[in-house]
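Engineer: Listed below, chain by chain, are the residues.
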Amino acid sequence: MAKRIFKVAALITLSLIFVVGLCACRITVDGMDVTDYTGVQYTTYDYFNTYCSLSCYLPGERSEELKTLWNGEIRSVLEKVNGLLSVDGENSDIRAFNEADAGAVLTIDEVTFDALSLAKQAYEDTEGAFNPALALSVDLWGFSPRFNEQGYAPEKPYDREDYKNSLPEQKYIDAFLSLSDFSETEVYEENGVYCIKKSASFAEVDGTVYTQQLDLSGIGKGYCADMIAEILKDHGFYFGYVNIGGSSISLLKNARKDVGAELGEWAVTVLSPEGNGEYYFEAYLKDVSLATSGSYQQYYEKDGIRYSHILDPYTGAPYQSDVLTASVYGENAALCDAYTTAMCVLGSEKALAMAAKLEGYTYTLAVGTTENYKVITNVDGKEIR
Amino acid sequence: MKKKGVEDVKKSKYFTLWDIIPYFCVLAVAVTLLLVFLLPEKDDISGFYVEYGDKSVLTYDFAEDKFDIEESFFENVDLEAENGGYTVTIITSDGKNVFFVDKEKRTVKMVDADCSFSKDCTYMPAIGESGDSIICVPHKLKIIAKGDGVSSPVTG
Chain A
1 MAKRIFKVAA
11 LITLSLIFVV
21 GLCACRITVD
31 GMDVTDYTGV
41 QYTTYDYFNT
51 YCSLSCYLPG
61 ERSEELKTLW
71 NGEIRSVLEK
81 VNGLLSVDGE
91 NSDIRAFNEA
101 DAGAVLTIDE
111 VTFDALSLAK
121 QAYEDTEGAF
131 NPALALSVDL
141 WGFSPRFNEQ
151 GYAPEKPYDR
161 EDYKNSLPEQ
171 KYIDAFLSLS
181 DFSETEVYEE
191 NGVYCIKKSA
201 SFAEVDGTVY
211 TQQLDLSGIG
221 KGYCADMIAE
231 ILKDHGFYFG
241 YVNIGGSSIS
251 LLKNARKDVG
261 AELGEWAVTV
271 LSPEGNGEYY
281 FEAYLKDVSL
291 ATSGSYQQYY
301 EKDGIRYSHI
311 LDPYTGAPYQ
321 SDVLTASVYG
331 ENAALCDAYT
341 TAMCVLGSEK
351 ALAMAAKLEG
361 YTYTLAVGTT
371 ENYKVITNVD
381 GKEIR
Chain B
1 MKKKGVEDVK
11 KSKYFTLWDI
21 IPYFCVLAVA
31 VTLLLVFLLP
41 EKDDISGFYV
51 EYGDKSVLTY
61 DFAEDKFDIE
71 ESFFENVDLE
81 AENGGYTVTI
91 ITSDGKNVFF
101 VDKEKRTVKM
111 VDADCSFSKD
121 CTYMPAIGES
131 GDSIICVPHK
141 LKIIAKGDGV
151 SSPVTG
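So the sequence lines, in the order shown, correspond to chains A and B. Just so you know, my numbering puts 179 at position 179 of the first sequence, and the rest follows in order with no gaps. Just so you know, my numbering puts 142 at position 142 of the second sequence, and the rest follows in order with no gaps.
Honestly, the hints are just simulated from the structure, not real lab data. Be careful, since some hints might not be right.
Below, computed lysine-lysine pairings styled on DSS-like, alpha-carbon distance capped at 27 Å [claimed, not checked]:
hint	chain 1	residue 1	chain 2	residue 2
1	B	105	A	257
2	B	105	A	164
3	A	197	A	80
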């Protein structure tokens with residue numbers, strides 16, 4: 001009798017395991033059933049002088065709906081934000097600011113106002129280590145968009161013929177640095193109109209007068225990535241991510257299981273500071289934004305010194321610190337981008353002190369030299385080098 | 001009918017081999033289902049396509065090992081079979097890009113570009129998961145991998 005009961009019990013137990021196995025066929029992420037998310041869509045656009053890619057998991061029957069959204073509302077947002085915030089766009093608010101006289105007051109779009117407000121917040125959070133008022137210095141060192149175009153030719157008084165093999169003159173470095181106090185520029189709303197009042201400072205070098213100029217390219221990418229992610233969520237697309245240039249990413253949820261990550265999370269890989277296309281870190285994240293900055297892309301070397309596109313607001317020259325690359329994860333991609341820039345500029349010691357004050361933001365830093373660096377992080381992830 | 005003695009009953013096992021086989025089958029099916037649905041998956045690409053601006057330049061399918069080049073780009077594309085794959089050179093009015101298609105690894109890697117500045121695209125990792133892309137912004141050239149999944153994001 002006992003044997004019979006035992007056999008029945010064993011059969012029931014195994015049947016339960018079988019049923020559990022069948023239940024596993026339904027996959028849920030944060031309460032959402034993604035079993036039927038068999039559709040995959042991805043597309044790329046060229047904006048912000050880089051690429052913008054969107055990737056989504058979705059139920060197959062919603063493919064056309066997503067295509068319409070991408071080619072309509074999302075493309076419009078990209079065009080608008082890029083157009084308003086680029087330094088060279090025809091209708092750019094930033095270009096208008098850069099070309100205006102010292103002390104001028106300009107009306108700006110709400111998008112520009114929002115981005116500038118974030119820039120102001122980041123400037124304060126980082127005590128000036130992130131500074132968007134370094135556009136002249138960025139141009140002086142050869143990192144503005146015009147240097148990415150074919151057939152670069154010197155056109156400004158401070159341009160060098162071979163800008164990668166000759167350094168700028170100190171008088172320009174000093175002059176442009178004197179124009180980089182972002183707190184002198186005011187951003188405000190008055191009777192529903194958004195305005196910016198340009199710093200009254202100016203500097204004259206060899207008879208040419210220069211005024212403060214802004215570059216919101218980093219903030220702009222993050223700002224736009226977050227906007228697009230919100231649009232996707234508003235339309236019920238919760239699985240995928242928006243990636244602008246690799247440096248600014250807004251993550252939604254993952255409908256599949258990435259190696260090492262929990263179901264719903266993405267295994268985000270971070271490029272190695274060695275600049276060899278390999279990875280050094282993997283972070284497990286969902287529903288969060290992130291940004292990465294570093295000295296291993298967009299740089300040139302002269303006499304063994306690397307000059308990268310990230311400018312130090314305290315010297316007016318490319319930063320030289322022990323932080324080779326920094327990634328920051330948090331709710332706002334624009335702020336993440338600003339914080340990564342600041343962390344590179346500040347160096348590891350001050351960067352960690354700054355990060356400790358940033359509520360809700362985590363980070364990964366590669367600190368040392370390209371040949372020998374250590375990883376400092378407080379995010380869920382692992383080294384993979 | 002012969003009755004078993006007490007000793008026989010004591011010696012008899014709870015399970016015979018024929019009892020265990022169905023249990024084992026049920027267990028195996030359950031475990032397989034769990035593995036299939038819960039274990040991570042890697043989405044190998046089936047091929048890739050190249051765009052110049054908004055125009056399609058070519059597509060490639062790994063299974064068929066076949067390039068389909070748009071007629072209007074015949075003069076712009078050069079293919080060379082070597083090292084277990086293809087070296088593809090695309091020259092447009094914006095510049096030249098060279099990428100390598102590794103047939104065995106099912107990856108594509110940009111190996112050269114003649115843009116004036118940092119050649120960012122040549123430092124991007126080889127793409128091997130669906131949705132991965134390599135983009136040469138100055139030359140308006142995009143290589144996009146095709147497949148059934150979304151690749152994990154790469155930041156840098």
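Engineer: Confirm or reject each hint.
Structural biologist: Verification of the supplied hints:
1. In summary, the hint linking residue 105 of chain B to residue 257 of chain A is supported, as the alpha carbons are separated by about 22 Å, within the 27 Å threshold.
2. Using a Cα cut-off of 27 Å, the hinted pair residue 105 of chain B and residue 164 of chain A is violated, with the two alpha carbons roughly 37 Å apart.
3. A C-alpha spacing of about 22 Å is found between residue 197 of chain A and residue 80 of chain A, which places the hinted pair at or below 27 Å, so the restraint holds.
In this structure, the one hint that does not hold is number 2.
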